[in-house]
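Asker: Given next are the chains, with one letter for each unit.
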Amino acid sequence: MTPMKLCINLLFGLLLASPALATPLVNCTVDLDRSVLPAGQTQTAVIKINLDALPFQDRNERPPVNLALVLDRSGSMQGSKIAKAREAAIEALRRLNSADRFALVAYDHRVDTLVPSQSPRNSTWIESRIRQIQADGNTALFGAVSQGAAEARKHLGTDYIHRVILLSDGLANVGPSNPADLARLGAALLKEGISVTTVGVGTDYNEDLMVQLADRSDGNHYFVAESRELPRIFASELGDVLNTVARRVVIEIECPAGVKPVRIIGRDGRIRGDRVELRMNQLYGGQNKYALVEVEIPAGHPDQEIELARVHCRYENVLTAQQEQSSVQVVARYSGSTEEVRKSVKPAVQKSVVANEIAESRDKALDLYNAGRKDEAVRELEQRRQLIEQKSQALGLPALAAPAATLADEAEEYEADDLDSARKKEIRSESYRIRKQQKDY
Amino acid sequence: MMHTRNLILGWLLLLIASLLIGSMAFYLLDKQQDNFAMAAREADRERLAAVAETIHLTVSESRDALATSLRELPGENYIDALENWRLGNPLIRNVFVWRPGPGVIFPDPDRPTSSEERAFLQRYAALFDLSTAWALPAADSPAAPAPVQARRELTELAKSRPLAASSPRPLADEIRTRHRSDWRPWFWEEGLHILIWATDPDQTRFGIELEMAALLSRLVTLLPEPANPQEAWALLDDRGQVVQQRGQLDLSGNPVPALSLPVGPSLPHWQVGLYSRATAASTQQGLWWLGSILTLILVAAILLGGSLLLWQARRNQLDARRKTGFVSNVSHELKTPLTTIRMYAEMLEEQEQLPTDRRRRYLDVIGSEARRLTRLVNNLLDFSRLEQGRKQYHFQEVDLNALLTRTLASHATLQADAPLELSSDLPDTPVRVTTDGDAVEQVLLNLVDNALKYAGDGQELSLRLVADQQQVCIEVADRGPGIAPQQAEKVFDMFQRGDDSLTTRTQGCGLGLSIARQLMRDLGGDLHYHPRTGGGSVFTMTLPGATPSGE
Numbered sequence: 001m002t003p004m005k006l007c008i009n010l011l012f013g014l015l016l017a018s019p020a021l022a023t024p025l026v027n028c029t030v031d032l033d034r035s036v037l038p039a040g041q042t043q044t045a046v047i048k049i050n051l052d053a054l055p056f057q058d059r060n061e062r063p064p065v066n067l068a069l070v071l072d073r074s075g076s077m078q079g080s081k082i083a084k085a086r087e088a089a090i091e092a093l094r095r096l097n098s099a100d101r102f103a104l105v106a107y108d109h110r111v112d113t114l115v116p117s118q119s120p121r122n123s124t125w126i127e128s129r130i131r132q133i134q135a136d137g138n139t140a141l142f143g144a145v146s147q148g149a150a151e152a153r154k155h156l157g158t159d160y161i162h163r164v165i166l167l168s169d170g171l172a173n174v175g176p177s178n179p180a181d182l183a184r185l186g187a188a189l190l191k192e193g194i195s196v197t198t199v200g201v202g203t204d205y206n207e208d209l210m211v212q213l214a215d216r217s218d219g220n221h222y223f224v225a226e227s228r229e230l231p232r233i234f235a236s237e238l239g240d241v242l243n244t245v246a247r248r249v250v251i252e253i254e255c256p257a258g259v260k261p262v263r264i265i266g267r268d269g270r271i272r273g274d275r276v277e278l279r280m281n282q283l284y285g286g287q288n289k290y291a292l293v294e295v296e297i298p299a300g301h302p303d304q305e306i307e308l309a310r311v312h313c314r315y316e317n318v319l320t321a322q323q324e325q326s327s328v329q330v331v332a333r334y335s336g337s338t339e340e341v342r343k344s345v346k347p348a349v350q351k352s353v354v355a356n357e358i359a360e361s362r363d364k365a366l367d368l369y370n371a372g373r374k375d376e377a378v379r380e381l382e383q384r385r386q387l388i389e390q391k392s393q394a395l396g397l398p399a400l401a402a403p404a405a406t407l408a409d410e411a412e413e414y415e416a417d418d419l420d421s422a423r424k425k426e427i428r429s430e431s432y433r434i435r436k437q438q439k440d441y
Numbered sequence: 001m002m003h004t005r006n007l008i009l010g011w012l013l014l015l016i017a018s019l020l021i022g023s024m025a026f027y028l029l030d031k032q033q034d035n036f037a038m039a040a041r042e043a044d045r046e047r048l049a050a051v052a053e054t055i056h057l058t059v060s061e062s063r064d065a066l067a068t069s070l071r072e073l074p075g076e077n078y079i080d081a082l083e084n085w086r087l088g089n090p091l092i093r094n095v096f097v098w099r100p101g102p103g104v105i106f107p108d109p110d111r112p113t114s115s116e117e118r119a120f121l122q123r124y125a126a127l128f129d130l131s132t133a134w135a136l137p138a139a140d141s142p143a144a145p146a147p148v149q150a151r152r153e154l155t156e157l158a159k160s161r162p163l164a165a166s167s168p169r170p171l172a173d174e175i176r177t178r179h180r181s182d183w184r185p186w187f188w189e190e191g192l193h194i195l196i197w198a199t200d201p202d203q204t205r206f207g208i209e210l211e212m213a214a215l216l217s218r219l220v221t222l223l224p225e226p227a228n229p230q231e232a233w234a235l236l237d238d239r240g241q242v243v244q245q246r247g248q249l250d251l252s253g254n255p256v257p258a259l260s261l262p263v264g265p266s267l268p269h270w271q272v273g274l275y276s277r278a279t280a281a282s283t284q285q286g287l288w289w290l291g292s293i294l295t296l297i298l299v300a301a302i303l304l305g306g307s308l309l310l311w312q313a314r315r316n317q318l319d320a321r322r323k324t325g326f327v328s329n330v331s332h333e334l335k336t337p338l339t340t341i342r343m344y345a346e347m348l349e350e351q352e353q354l355p356t357d358r359r360r361r362y363l364d365v366i367g368s369e370a371r372r373l374t375r376l377v378n379n380l381l382d383f384s385r386l387e388q389g390r391k392q393y394h395f396q397e398v399d400l401n402a403l404l405t406r407t408l409a410s411h412a413t414l415q416a417d418a419p420l421e422l423s424s425d426l427p428d429t430p431v432r433v434t435t436d437g438d439a440v441e442q443v444l445l446n447l448v449d450n451a452l453k454y455a456g457d458g459q460e461l462s463l464r465l466v467a468d469q470q471q472v473c474i475e476v477a478d479r480g481p482g483i484a485p486q487q488a489e490k491v492f493d494m495f496q497r498g499d500d501s502l503t504t505r506t507q508g509c510g511l512g513l514s515i516a517r518q519l520m521r522d523l524g525g526d527l528h529y530h531p532r533t534g535g536g537s538v539f540t541m542t543l544p545g546a547t548p549s550g551e
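For the record, the sequence lines run as chains A and B.
In this text, residue positions in the first sequence follow the working numbering: the first is 1, and each later residue adds one.
In this text, residue positions in the second sequence follow the working numbering: the first is 1, and each later residue adds one.
Same shape as in the complex, but just chain A (with noise of 0.2 Å):
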């Protein structure tokens, strides 16, 4: 390299690096779903809370991550499965440098710690191990993952980003094997700072009880028909994990009086009175985040303008480990003019809605054929196409009612009875990517 060239890369640099530390590192930017009410009238509106991580400016800037695998070793991992989660495991583990820290546990109907939490730089011998697993067994689901959370605690305190990715292709069938029991165990973990991100392979493991888990840690969750494709996950979620830029991440959104949050389309949050609250575990650099909260609007005149909100969204900067915080008004405005109103529609916004509305409604009705209650199901997805196609006519937008014709055909699928596992996996994995704003591998 001359010393022409240094210049310039060092000039660039300095160009690039100020307006980084100008810009916050998340950005909240708010949206609604038409920004023109018509007046005279209470109605309901969706706010759109956009969360832009950048990513970072500088690849070897990140900060170390703790990183725990915890592999399904039970019978039905036998072959092909156990020898690409193998594979995987190691491709996990070569993307970690020495600062990172790797744990691994591998459980049937009992559970080893086969790597206690270490930094990788003993490669050698960590992938010897990891080699040297054989399937065999039953399923102690629970029991793995706390013990994957307890080698993952050995570092807690510390400013790692903790992680635990869970592979299983089985029914939890030793210990505590309800969702609703591995739900609690993530919402659990999240407040001790820990994401699990499940990994379901093949047609036989419990979909309900691996979504949950992810969704209430808020790690990542990913179905995997073909076991080949593993090795390729677990450097997609990798690349996530190690793209971590902020965390413990709050939205929290503030009403004033007459305004009433109403619901929390696709994500989890709690509503109390005039405030919600979301939370979300980690934001990775260059992906964009969002939550969806529908609002009550009381009446108003036209052209009076009207404070919907006040959204606050509180993060840590993982370089930094500092609180940042930034602060959006949402404010609309009443007109008289129908013209108008129907000009001011946003179909990003729209379109993120149905997309979740959609989704949420795929986990209702698949929960009620779940249940047994096949009619309801498709009374469901039925009415959900309905309605998103009455909304698409109102709004003028007919590219909104494209995702629903998706509705009447797994609606028939339903009535057939025509529903088999991987489909049922596919759905939930589906859903929960859109709920998520997972990214897509």
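To be clear, the hints were calculated from the coordinates, so they are not data collected in a lab.
Accuracy of the hints is not assured; some may be wrong.
To be verified - To give an idea of the chain A side of the interface with chain B (calculated C-beta under 8 Å), a few residues:
(1) H109
(2) R110
(3) L114
(4) G137
(5) N138
(6) A140
(7) G143
(8) S146
(9) A150
(10) L189
(11) K191
(12) E192
(13) R270
(14) R272
Claimed, not checked - Cβ-Cβ distance ranges computed for the label pairs, FRET-style:
(15) A:Y441 with B:G286: 49 to 59 Å
(16) A:Y441 with B:W134: 44 to 54 Å
(17) A:A299 with B:N77: 32 to 42 Å
(18) A:A408 with B:N77: 50 to 60 Å
What the hints assert, rightly or not - Incomplete in silico selection of chain A near chain B, CB under 7 Å:
(19) P116
(20) Q147
(21) L171
(22) P179
(23) L185
(24) D274
Here a beta-carbon is modelled for each residue, glycine too, at the ideal position from N, C-alpha and C.
Assemble chain B onto chain A, guided by the hints.
Answerer: Using the frame of chain A, we list chain B on its own:
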């Protein structure tokens, strides 16, 4: 017979004694095994109790710590503090505030904000509407065991601060003295829940529900790894389901634990269980089997050894009896010719004027008796030589044909005495074999002698020689009384004579046939007896193949 009875009696005593020893050994073995099993069970129980206590202490301590924090909760309005606490603490599942009049004031019973809150309100509805007493019935919650109490006191002691400490503390201390905390287990559909609350002076109760999932998840590491790979520890919930396990055993299907103990009042109806794959029992089983086999071998050895000794004793007894018989027989045999010789010698001495023919006859008798005596003595000598294996043979080529002819001729005098018709069937050509001629002659003479002695009135003695490449047979046949089939082989035994009737009638020491057979076997041949068709007996001497004659 007296002796036989004694022997049987002795054997029976031996049997009884060894059976007694055997059963005693079995009894002791069984008892020892019981002891082992009991000791193992006791050790298991103690280990299990230690595990149960650890779990109980851990749960009690975390519960106490939560109660303490609860009492020290700052602020007039508990709701925000509780809610923040819930959001941050994994051990807290739900929080609530309750007042005597309106009941639950948080979470809002009319507008629960999540399904979790709804479920919580439903779960504790009976408690919140006072249809169930808050305080536990005394029987259900025994006082904390001594170790817990002691540890709790120590913890409190360690936490106590100097009184002069800075500002916010006195407030907290004051609150603590004002508040009282309590807890209770609560059983609902999915199992055990734990509610901890504090009561302030105006009877407002605020508290938390413990997150059992988080608690259980932490308890994993409390179960020790079992030392024995055939064992497993498990924590069982109130329905007997395995919640956590350590160890390699497969507990799917919820088998009944080998041993289980209640965890304690902190987790009512929960148990810790010890499972083992029956090998602990089976090593003892193995010991039992080994012991049993050894005992059986011992008993068998005693019985066998005893029987052997008894058998030996009986044999010796028989031998001794036979030898006594033998000695008296021999004495008698020796005495008879001696008496005859002496008698004739005395007659010759006294009657000097005897006619020549009588004198000659007397001398013949003396000669023949002397020869018989010699034969007898020779037999005895042979017998002792054969017994000691010192008999020497002089092998040379012998013409059996000639030998037979010569022997018959030399017996002419004897035959003349007996009313026997002698016939012989000999081949025309010489039959040459390599053998000890003297021994063969001795056997032959023995057989002829026997025939004369026992079958003397059979009037017939025939001799036959048959020779081929493989073997040579010499048959001596008579028309005597023969030998009973059951005696047929015994006649070849030592000191054995055909049968008593014979024994009493004629003399003999019972050595002849025994020696004869021994001699023939030493020469590579044998001696057999067959009954003769038409009455009488045939003794067949065989010798190995003849050398081709004439060449």
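Asker: All hints, please: hold or fail.
Answerer: Structure-based check of all given hints:
no.: 1; hint: H109; in the structure: holds (5 Å)
no.: 2; hint: R110; in the structure: holds (5 Å)
no.: 3; hint: L114; in the structure: violated (14 Å)
no.: 4; hint: G137; in the structure: holds (6 Å)
no.: 5; hint: N138; in the structure: holds (5 Å)
no.: 6; hint: A140; in the structure: holds (7 Å)
no.: 7; hint: G143; in the structure: holds (6 Å)
no.: 8; hint: S146; in the structure: holds (4 Å)
no.: 9; hint: A150; in the structure: holds (6 Å)
no.: 10; hint: L189; in the structure: holds (7 Å)
no.: 11; hint: K191; in the structure: holds (4 Å)
no.: 12; hint: E192; in the structure: holds (5 Å)
no.: 13; hint: R270; in the structure: holds (5 Å)
no.: 14; hint: R272; in the structure: holds (6 Å)
no.: 15; hint: A:Y441 with B:G286: 49 to 59 Å; in the structure: holds (56 Å)
no.: 16; hint: A:Y441 with B:W134: 44 to 54 Å; in the structure: holds (52 Å)
no.: 17; hint: A:A299 with B:N77: 32 to 42 Å; in the structure: holds (34 Å)
no.: 18; hint: A:A408 with B:N77: 50 to 60 Å; in the structure: holds (51 Å)
no.: 19; hint: P116; in the structure: violated (12 Å)
no.: 20; hint: Q147; in the structure: holds (6 Å)
no.: 21; hint: L171; in the structure: violated (11 Å)
no.: 22; hint: P179; in the structure: violated (12 Å)
no.: 23; hint: L185; in the structure: holds (4 Å)
no.: 24; hint: D274; in the structure: violated (12 Å)
Violated hints for the displayed structure, listed by number in ascending order: 3, 19, 21, 22, 24.
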